[in-house]
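When you get a sec, could you build the whole thing from the sequences and use the hints?
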Amino acid sequence: MVVVRYSASKVALVTGLHDFGDPAEELLNCVYQDRDELLTQDAARLQLRLVSKDEELATLVDKGGPAIAPQLRAALRWAERAAPARVGAAKRVLGGVEKRLKEAQNSKKLAKDEVEQVKKILAEKIHTSVGTRNESLALEVGKERDPEWRRLLMRKLMESVLD
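Under the working numbering, the sequence shown is numbered contiguously, ending at residue 782.
Honestly, the hints are just simulated from the structure, not real lab data. Cβ coordinates follow ideal geometry from the N, Cα and C atoms, glycine included. A few of these clues could be false.
Computed Cβ-Cβ distance ranges for the label pairs, DEER-style [to be verified]:
(1) ASP673 / MET620: 19 to 25 Å
(2) GLU674 / VAL650: 46 to 52 Å
(3) GLY684 / SER626: 18 to 24 Å
(4) SER726 / LEU667: 16 to 22 Å
(5) GLY707 / LEU636: 42 to 48 Å
(6) ARG696 / LEU636: 26 to 32 Å
Here are the computed lysine-lysine pairs in the DSS-like style, where the Cα-Cα straight-line distance is at most 25 Å [claimed, not checked]:
(7) LYS629 / LYS738
(8) LYS721 / LYS710
(9) LYS731 / LYS672
(10) LYS739 / LYS682
(11) LYS718 / LYS744
(12) LYS629 / LYS672
(13) LYS718 / LYS731
(14) LYS739 / LYS727
(15) LYS718 / LYS739
(16) LYS682 / LYS629
(17) LYS710 / LYS739
(18) LYS672 / LYS739
(19) LYS710 / LYS731
(20) LYS744 / LYS682
(21) LYS672 / LYS682
(22) LYS727 / LYS738
(23) LYS672 / LYS738
(24) LYS629 / LYS718
(25) LYS629 / LYS721
(26) LYS728 / LYS739
(27) LYS629 / LYS744
(28) LYS728 / LYS744
(29) LYS672 / LYS728
(30) LYS710 / LYS744
The structure is reproduced here in C-alpha cells:
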C-alpha cells in the first residue's frame, strides 16, 4: 500500500483557495512522492527534460544580465534567511524585483513570459519564506513554555508580520 501525504495548504493551493505556489507542480509532487526514479523514467519516456525551479531561475537571472542579476540574487538570499520576516519587507523586496524585471524586459534581455516566470518563482520563494520563518519563531516561542505562552506567541507573531 502506498501512503500519500498531502498537507491542507497544498490542497488549498491545488483547489485554488490560495495562489502561493504552482498547483501543477504540487499535484506532480503528490503523484511522485519520494519516487524520483519513477519521475525520471516517465519524463524520459515522454522525451521531456526535467529542470528544477532553481535551475530555471538561475538561467533566467543570468540571461537578464549584469544590470538586474545582483538585485534578483539579493532577493533570493533574502528569501533564504532564517530570521523572522515582515510582510512589508517582503513586499518591498518584490517591488524591487518587479522594477528590475521591467528593465530587463524593456531592454529585450528577457521576454514577457520569462519575466512572468522569474516573478512567479521569486514571489513563491519569498511568500513561502515569510510563512516558514514566522512559523519557526512560533515554534521557538512555544518551546519556551512561558506560563502565558499563547499570549506571547500571538504578540511575537503579530510583531514579526506587521510593519
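Given the hint that LYS672 pairs with LYS682, does the C-alpha gap stay at or below 25 Å?
Measuring from Cα to Cα gives roughly 15 Å; hence the hint holds.
Holds or violated: LYS731 and LYS672, Cα atoms, limit 25 Å.
Holds, at about 18 Å.
With the threshold set at 25 Å, check whether the alpha-carbon distance from LYS728 to LYS739 stays at or below it.
Holds, because 18 Å separates the two Cα atoms, which is no more than 25 Å.
Hinted pair, alpha-carbon criterion (25 Å max): LYS727, LYS738. Please report holds or violated.
Distance ~16 Å between LYS727 and LYS738 Cα, so the pair holds.
Below or equal to 25 Å on CA atoms is what counts here, so check LYS710 against LYS744.
13 Å, holds
Are the Cα atoms of LYS629 and LYS718 separated by 25 Å or less?
Roughly 30 Å separates the two Cα atoms, so the pair is violated.
46 to 52 Å as the expected CB spacing between VAL650 and GLU674, which holds or is violated
At roughly 21 Å between Cβ atoms, VAL650 and GLU674 fall outside 46 to 52 Å, so the hint is violated.
Take the C-alpha atoms of LYS718 and LYS739, compute the straight-line distance between them, and say whether it is at most 25 Å.
Roughly 14 Å between the alpha carbons, so the hint for LYS718 and LYS739 holds.
Pairwise hint evaluation, LYS731 against LYS710, where the allowed Cα distance is 25 Å at most:
Roughly 21 Å between the alpha carbons, so the hint for LYS710 and LYS731 holds.
ARG696 versus LEU636 beta-carbon gap, inside 26 to 32 Å or not
30 Å, holds
SER726 versus LEU667 beta-carbon gap, inside 16 to 22 Å or not:
31 Å, violated
Holds or violated: LYS718 and LYS744, Cα atoms, limit 25 Å.
The given pair, whose Cα atoms are some 18 Å apart, holds under the 25 Å limit.
When held up to the earlier numbered hints, the structure conflicts with 1, 2, 3, 4, 5, 16, 24, 25 and fits the remainder.
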